[in-house]
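Number of protein chains: 2
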Amino acid sequence: MTGRDGGADLQPIEPSPVVILVRPQMAENIGSVARAMGNGGLFHLRIVAPRDGWPQERAWITGSGAHKILDAATVHETVADAVADLHRVFATCPRPRHIIKPVLTARGAAIELHEIGARGLKTGILFGPERAGLDNDDIACADSLIRYDLNPGFMSLNLAQAVMIMGYEWFIVRDADAPLKNLQTNETRVATKGELENFMAHLIRACDDANFLKNEQKRPGMVRNLRHFFQRGEVTTQELNTLHGVVADLARGPRR
Amino acid sequence: MTGRDGGADLQPIEPSPVVILVRPQMAENIGSVARAMGNGGLFHLRIVAPRDGWPQERAWITGSGAHKILDAATVHETVADAVADLHRVFATCPRPRHIIKPVLTARGAAIELHEIGARGLKTGILFGPERAGLDNDDIACADSLIRYDLNPGFMSLNLAQAVMIMGYEWFIVRDADAPLKNLQTNETRVATKGELENFMAHLIRACDDANFLKNEQKRPGMVRNLRHFFQRGEVTTQELNTLHGVVADLARGPRR
Numbered sequence: 001m002t003g004r005d006g007g008a009d010l011q012p013i014e015p016s017p018v019v020i021l022v023r024p025q026m027a028e029n030i031g032s033v034a035r036a037m038g039n040g041g042l043f044h045l046r047i048v049a050p051r052d053g054w055p056q057e058r059a060w061i062t063g064s065g066a067h068k069i070l071d072a073a074t075v076h077e078t079v080a081d082a083v084a085d086l087h088r089v090f091a092t093c094p095r096p097r098h099i100i101k102p103v104l105t106a107r108g109a110a111i112e113l114h115e116i117g118a119r120g121l122k123t124g125i126l127f128g129p130e131r132a133g134l135d136n137d138d139i140a141c142a143d144s145l146i147r148y149d150l151n152p153g154f155m156s157l158n159l160a161q162a163v164m165i166m167g168y169e170w171f172i173v174r175d176a177d178a179p180l181k182n183l184q185t186n187e188t189r190v191a192t193k194g195e196l197e198n199f200m201a202h203l204i205r206a207c208d209d210a211n212f213l214k215n216e217q218k219r220p221g222m223v224r225n226l227r228h229f230f231q232r233g234e235v236t237t238q239e240l241n242t243l244h245g246v247v248a249d250l251a252r253g254p255r256r
Numbered sequence: 001m002t003g004r005d006g007g008a009d010l011q012p013i014e015p016s017p018v019v020i021l022v023r024p025q026m027a028e029n030i031g032s033v034a035r036a037m038g039n040g041g042l043f044h045l046r047i048v049a050p051r052d053g054w055p056q057e058r059a060w061i062t063g064s065g066a067h068k069i070l071d072a073a074t075v076h077e078t079v080a081d082a083v084a085d086l087h088r089v090f091a092t093c094p095r096p097r098h099i100i101k102p103v104l105t106a107r108g109a110a111i112e113l114h115e116i117g118a119r120g121l122k123t124g125i126l127f128g129p130e131r132a133g134l135d136n137d138d139i140a141c142a143d144s145l146i147r148y149d150l151n152p153g154f155m156s157l158n159l160a161q162a163v164m165i166m167g168y169e170w171f172i173v174r175d176a177d178a179p180l181k182n183l184q185t186n187e188t189r190v191a192t193k194g195e196l197e198n199f200m201a202h203l204i205r206a207c208d209d210a211n212f213l214k215n216e217q218k219r220p221g222m223v224r225n226l227r228h229f230f231q232r233g234e235v236t237t238q239e240l241n242t243l244h245g246v247v248a249d250l251a252r253g254p255r256r
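Chains as they are written, first to last, in my numbering: chain U, 1 to 256; chain Y, 1 to 256.
Pulled out of the complex, with its shape left as it was, chain U reads as follows (with noise of 0.2 Å):
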């Protein structure tokens, strides 16, 4: 599942939240931050408080490619600090308990990042450290919390796969129209229906031709029934045009 691209290309795609590692523990973890980033086409990245400092080559290795966002990535002591010039932020939380504040998906909060992003706003998402999560001073500079769905019976989530959910879901509502399936036609393209028809009645004939369909009364029948299988899904003109041949070549009968 993995490609070959490297990262010489990877920039910001503005406007694009900034992701904010508080106190993350693992270099490599950053590292794989960093890639997931890149996957969903974030570019931003804040570290407050690396537990080992800040850089550590490490994370170079882990990122894969993604060089350019770690290269580009600040450090802060403070989350306050890591905020100060954001407009919205939002807090990475699984299970936030008394605390009132609207909690979103990451579906909705990627709907609600990218009608903030237009408005001119900078954004931030908080992402707490491997284990032990963010705690309440953390939350206290979030306007909203962020609660993934996932599986309730099993809430150890790597820190770089909540990085990638998210980026993946930022990156799906930027182009939100886009069709959920298509037929990968390459060089060739969907036949039309006239195109279909057209091949129907030339292996119509073929049969006719081979005595296959002589039965009078299952004619219409089976007939039908190779309709049915011929339009199943789509074809394409290039598999019509091979169709022909089959049948061109196998009414010609034997050669020897």
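Treat the hints with care, as some may be off.
Footprint (simulated), chain Y over chain U, 3 or more residues, beta carbon under 8 Å [said to hold, decoys possible]:
1) 7 to 19
2) 33 to 45
3) 57 to 70
4) 143 to 154
5) 157 to 165
Hint data in this document are derived by calculation from the structure and do not stem from the laboratory. Note that the coordinates shown come from a computational prediction; the quantities given were computed from them, not determined experimentally. Glycine included, C-beta positions come from ideal geometry on N, C-alpha and C.
Starting from the structure of chain U, add chain Y where the hints point.
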């Protein structure tokens, strides 16, 4: 963003699609895949020709509690063997070329997986090896392709991330009518407009008593501004109680 839940309660949510890892290289990645599957409510794991053999202890370490998924995983020599009992197979494929098959987004595939599963049919999703991805023979075993909506400028997608996104979409489709936004209120509840109005009356009375609204010409605009502010978002009854207290105590004037 991580939680502390172990995977002791992990169990299949049926009908759930089978995740099929084709020729995976690193056991760590297989473990991370199992963790992501747990997050997304997936359970059935099949492994085709794992490079380093199976089982591998490292997978149980990165699995981070998803032991039940790894314990139940089966190993297969070929993709054909791994999909033999399934009715419909999807292949994740970042850049399909020269292949005439339906191409779905992860979201579109999640919807189809549910529809097919609801008919009592078994489904599976193929994920290719790190770096190389699925080859043409693998893809020939699939009915449809899945191509994720992600940044085309940075295609290097980690194997576990690919599984995470699919599991996330699959889990969400199960609960498609869930609201995108809620106010998290815990033991309190959102106040009615009547309760808010009751407070507004209290506040305005107090302001009048304190001569804050003494300018008769400006009074309507000032009252309106106060109303606008308190109407900006949902307010809880608990917050209103607090505000009543603040106003009452302020109105009493300084105590010495």
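Cross-check of the supplied hints:
Counting residues of the region 7 to 19 of chain U whose C-beta sits closer than 8 Å to any C-beta of chain Y gives 5, which meets the bar of three, so the coverage hint holds. For the region 33 to 45 of chain U, the stated coverage by chain Y is satisfied: 6 residues place a CB nearer than 8 Å to a CB of that chain, which reaches the threshold of 3. Interface restraint, the region 57 to 70 of chain U with chain Y: holds (3 residues with C-beta to C-beta distance below 8 Å; minimum three). Counting residues of the region 143 to 154 of chain U whose C-beta sits closer than 8 Å to any C-beta of chain Y gives 7, which meets the bar of three, so the coverage hint holds.
Under the rule that three or more residues need a Cβ within less than 8 Å of chain Y, the assignment of the region 157 to 165 of chain U holds, with 8 such residues.
Violated hints are absent here; each numbered hint is respected by the structure.
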